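Here is what each chain is made of, one letter per residue.
Protein chains: 2
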Amino acid sequence: MIDREKIDKLEQLAKLIRYYILASTTEAGSGHATSSLSATELMTALLFGGIFRFDINNTGHPNNDRLIFSKGHASPLLYSLWASAGKLTEEELMTMRKFKSPLEGHPTVAFHYVEAATGSLGQGLSIGLGMALNARYLDKLPYRTYVLLGDSEMSEGSQWEAIQVAAHYKLDNLIGVLDVNRLGQRGETMYGHNLAAYEKRISSFGWETILIDGHSFTEILNAYEKAFSVSGKPVMIIAKTIKGKGVTFLEDKDGWHGKALNKVELALALKELDTVDTSLRGDIAKPEDLWPGKKIPQNVKGVSYQADKTVSTRKAYGNALVRIFPQFPDMVVLDAEVSNSTYAELFKKAYPDRFFEMFIAEQNMVGTALGLSRRGKIPFISTFAAFFTRSFDHIRMGQYSDSHIKFIGSHSGVSVGEDGPSQMGLEDIAMFRTILDSVVLYPSDAISTEKLVEKAAEHNGMVYIRTTRKDTSLIYSPDEEFTIGGSKVLSNSTHDLVTVIAAGITLHEALSANEELKKAGIMVRLIDLYSIKPIDNETLKKAAIETKAIITVEDHVAEGGLGEAVKSSLADIDIPVYSLAVRKMPRSGKPTELLDYEEISKNAIVKKIKELI
Amino acid sequence: MIDREKIDKLEQLAKLIRYYILASTTEAGSGHATSSLSATELMTALLFGGIFRFDINNTGHPNNDRLIFSKGHASPLLYSLWASAGKLTEEELMTMRKFKSPLEGHPTVAFHYVEAATGSLGQGLSIGLGMALNARYLDKLPYRTYVLLGDSEMSEGSQWEAIQVAAHYKLDNLIGVLDVNRLGQRGETMYGHNLAAYEKRISSFGWETILIDGHSFTEILNAYEKAFSVSGKPVMIIAKTIKGKGVTFLEDKDGWHGKALNKVELALALKELDTVDTSLRGDIAKPEDLWPGKKIPQNVKGVSYQADKTVSTRKAYGNALVRIFPQFPDMVVLDAEVSNSTYAELFKKAYPDRFFEMFIAEQNMVGTALGLSRRGKIPFISTFAAFFTRSFDHIRMGQYSDSHIKFIGSHSGVSVGEDGPSQMGLEDIAMFRTILDSVVLYPSDAISTEKLVEKAAEHNGMVYIRTTRKDTSLIYSPDEEFTIGGSKVLSNSTHDLVTVIAAGITLHEALSANEELKKAGIMVRLIDLYSIKPIDNETLKKAAIETKAIITVEDHVAEGGLGEAVKSSLADIDIPVYSLAVRKMPRSGKPTELLDYEEISKNAIVKKIKELI
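If you're matching them up, the sequences are chains A and B in order. Note that my numbering numbers the first sequence so that position 383 is 383, with each residue one more than the last. Note that my numbering numbers the second sequence so that position 386 is 386, with each residue one more than the last.
Please keep in mind that the hints were generated in silico from the structure rather than gathered at the bench. Predicted model, so just to flag it, every value in this text is computed and none were measured. Glycine is no exception: its CB is placed at the ideal position from the N, C-alpha and C atoms. One or more of the hints may lead you astray.
Unchecked claim - Partial selection, computed: residues in chain A whose CB lies under 10 Å from chain B:
1) Glu153
2) Ser279
3) Pro421
4) Arg433
Unchecked claim - As a list, the in silico BS3-like pairs of lysine-lysine whose alpha-carbon atoms are at most 25 Å apart:
5) A:Lys470 <-> B:Lys259
6) B:Lys98 <-> A:Lys590
7) A:Lys541 <-> B:Lys548
8) A:Lys98 <-> B:Lys584
9) A:Lys253 <-> B:Lys349
10) A:Lys100 <-> B:Lys584
11) A:Lys470 <-> B:Lys315
12) B:Lys315 <-> B:Lys259
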């Protein structure tokens with residue numbers, strides 16, 4: 001039996017929270033009041049019912065329970081909970097949605113009690129999965145991760161990716177709370193109030209499910225307690241709720257999604273709430289003071305390759321992971337069922353406890369990596385460059401969570417060859433360039449790959465590294481240094497006519513072109529633009545001043561790629577920039593045939609230069 | 001009882017097909033032989049067992065059954081089937097994976113018997129859904145759609161999006177064939193040979209499931225017959241198969257994914273096959289000669305807006321759909337649960353039979369649209385611009401299927417305001433620009449939106465239209481004409497100092513800036529670049545020659561956006577191009593505050609111009 005006094009206090013707190021939700025959204029003039037009201041009891045019970053264990057004065061405590069609002073639009077509820085916990089004043093709460101307030105329309109990490117930015121639906125469960133994975137397999141701590149889910153967002157495929165992978169990893173420390181309030185944005189959801197539909201689907205994937213009335217504190221508290229007793233599988237609490245609960249004229253009504261009450265409506269609503277004790281504060285239980293084992297970074301040996309052997313940059317990536325892990329003991333490696341192609345498998349063999357198979361589910365892989373990143377890990381995640389497009393929305397959201405995920409896309413460009421266009425990453429540079437403060441690296445040989453993987457591990461932020469399928473020869477010696485934002489001038493004279501800028505596979509084509517041109521007495525400056533973002537403006541500018549034209553060559557479409565990065569860098573300098581890039585519909589064929597076909601090969605470079613001079 | 005003679009012939013055909021698979025992959029030196037061998041009986045029975053109804057001399061017959069290889073890597077099987085049907089010679093088959101052959105590594109529509117390009121896993125079921133939706137609700141024809149699925153790809157969330165939506169629309173004309181061969185690329189799948197795991201999960205979503213031995217012709221044929229008797233729900237035939245079936249040293253073995261046999265291995269394998277009758281051909285049943293009702297395009301009335309009223313471009317999109325449908329009776333409209341925000345709801349209200357709710361599942365929406373497009377429809381599909389990033393992989397694949405989907409992304413840019421960054425489309429222009437031959441349009445007022453929606457409907461290809469949340473004033477009169485690849489010069493004199501190029505919301509800022517500058521006696525050329533791709537090089541060039549600098553202004557990140565499109569267009573002309581774009585981490589706030597904060601507002605434009613002159 002749960003004692004009456006406890007329930008009474010929770011009821012009083014829920015009233016206070018409803019008041020905060022309604023008042024703050026009305027003050028903001030927008031916001032999702034009704035979606036917040038439906039989950040009020042679920043979250044009030046969690047935080048203030050003795051379930052959640054969190055040191056409110058130390059958000060960074062490694063054994064804090066974690067709470068993610070996957071239904072990010074219920075942010076008024078989230079903020080109101082922390083106001084009720086005494087961590088926001090009513091005045092601060094009233095800044096919600098205003099410019100420069102940390103209380104944004106959808107949660108971002110600008111507010112310290114937000115574990116990860118949400119608001120694009122269907123991402124929270126994957127993030128939670130990453131945090132639960134961390135607790136169970138990495139930090140080995142007993143904290144639990146809770147994810148508040150909306151019913152409407154259950155139609156996102158990413159949810160089912162997370163559901164299957166969480167079950168696969170037997171994460172009984174992951175508890176989903178599904179707020180089935182029946183109504184989506186534009187009307188009823190696919191399953192309405194049919195809780196059994198959710199139960200059937202979710203349990204079929206191996207989750208424990210608990211069905212409850214989401215407005216009964218007794219049922220809610222019992223459900224959490226029951227969830228604690230489940231072993232070897234994650235738990236979904238499926239709660240029947242009423243959208244707009246607590247305000248008669250909002251309850252279960254269509255047309256109120258994402259709308260705030262006007263002042264007259266607010267007055268009416270508050271009347272219904274009756275007396276609210278604004279001095280009331282809820283208590284949150286403290287976590288056990290447990291910490292993960294300390295890991296001491298070790299020195300690692302340098303890069304070593306036989307100078308006359310060819311090796312693919314994707315293989316060098318795998319080698320690098322194995323080599324540098326002792327130096328970066330927070331590293332974790334994930335791969336989406338292609339580890340034998342991306343060479344993440346080398347790491348898996350060396351450090352099986354730090355590798356997680358994510359199966360063919362790229363969205364969840366990125367979400368999981370975000371969760372791991374937010375728990376202090378350095379996730380290196382890999383798939384074919386083409387298939388990262390699958391998780392663009394998750395990548396995009398990653399930038400609002402201050403994350404430091406390292407993305408490695410193999411099989412870039414038409415040089416993939418026979419497998420054909422579906423397997424060719426041709427949009428990946430453009431995609432990763434759009435992310436604010438991102439780093440985009442494109443090494444051309446094993447040495448530069450190894451060095452840049454190291455730089456990626458050191459760098460505090462999101463990094464994309466593009467690797468190539470084909471074996472390529474070494475360009476650099478093992479003591480060459482590479483920096484984020486750097487470049488290498490590989491050919492340089494006082495009478496260079498034209499500058500050729502390439503990276504990755506096309507750098508090898510440019511080197512061959514340069515040999516041929518040299519023989520013909522044509523001097524060309526050649527730049528390895530291995531850091532596409534940030535870009536080495538100084539070196540580019542110098543080349544622009546000292547030569548008559550620039551030719552960029554990339555195994556990527558022209559739009560948003562290396563060529564446009566160069567054009568942006570030199571936009572205020574008078575120099576023509578010609579871009580050789582993938583412009584024809586690619587197809588199957590030998591890599592060399594395709595490089596020629598797309599006019600990004602040695603031959604194309606020579607031809608273009610001869611045209612220009 | 002199925003007669004012995006039929007089974008005998010199917011067995012002989014399966015042998016022939018295995019021979020083709022093995023010989024063609026060895027000839028190619030690569031390709032997925034083992035993944036083809038596992039599904040050989042499943043597909044042989046379908047095509048040549050009297051199940052499939054298809055006029056092999058008229059691939060365009062509207063009542064042909066449709067077959068999609070979602071596991072596109074089994075293309076050797078697909079091509080071998082059509083060789084066995086007499087539509088490819090052995091010689092042609094041996095061109096597989098070679099440059100310029102229509103038989104690409106993964107299927108593309110270069111080969112006429114391919115319904116849609118596949119190879120990025122987990123997309124075929126959505127495409128099939130679109131075709132089945134077309135059969136049931138639009139063309140009202142009895143054809144069936146079959147989708148061959150791999151077990152490994154079932155981990156993609158997009159599969160579960162398709163599974164739930166197909167059940168929602170009660171598509172009993174959609175039959176999935178799940179080839180459970182236990183092995184993925186790098187090892188065992190999540191569920192291995194546990195067929196019950198798939199049955200439980202798929203049936204929980206309301207599908208009929210049939211479990212069979214995927215190498216028994218009797219069981220397979222019975223399964224198809226049973227599938228025909230199911231009513232009101234889609235059917236999944238879940239088949240236990242052996243990867244590499246038919247060749248002892250390949251069967252159920254790891255390490256053979258995506259590998260061809262060498263010549264010695266091939267000889268060994270063919271020995272096992274025993275006598276193969278290469279003159280044997282399989283017969284495919286003909287479909288009933290049924291055609292959909294003919295629709296005659298009607299003239300529609302022109303655009304009409306009150307000149308002094310403000311109206312958002314998103315609303316104008318909805319208006320345009322309703323207005324032009326009679327002229328384009330093949331139009332279909334889909335939306336991902338935000339039709340009240342994108343204004344697709346206006347069309348839904350006017351033509352409910354042509355609107356399909358796709359719920360919050362953007363990947364499946366794009367796949368479904370591709371299926372509809374391949375069946376001759378003109379799909380207009382909408383969600384927030386930000387959420388199209390969710391389906392980038394599907395969009396990317398769309399270009400290899402010669403599709404003509406129209407994508408409409410609302411809520412673009414920081415001008416979304418209070419809802420915050422998660423809801424702001426800031427990467428959409430870059431994303432859609434990367435698609436080869438794509439069209440990217442960004443209208444600024446209701447008139448241009450209406451006109452461009454019309455152009456999009458006419459255009460044969462993929463088109464993206466970016467709309468804005470805010471109400472904006474009218475810029476154009478109803479008789480103004482807009483073309484794909486066009487632009488409008490809104491301010492022009494013989495002594496313009498600088499050219500300002502904007503589109504959408506920033507055009508309004510630029511217009512205000514122009515007013516202010518004019519008062520200060522500063523003449524500026526102002527261009528509405530409503531067609532970002534293709535781009536109006538002629539007008540830009542003229543401006544570049546006639547003015548001293550160009551300033552681009554966009555409510556989008558700098559990378560891959562309008563600014564870089566302009567830079568690419570003018571890369572060989574000596575003029576500085578300054579790009580005002582979203583460069584700071586966006587946040588919640590009033591639209592005007594955010595435009596100022598990102599320095600893309602009227603104030604920022606005026607400031608920049610004053611700096612320059």
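Hint by hint, which ones does this structure get wrong, listed from lowest number up? 2, 11 and 12
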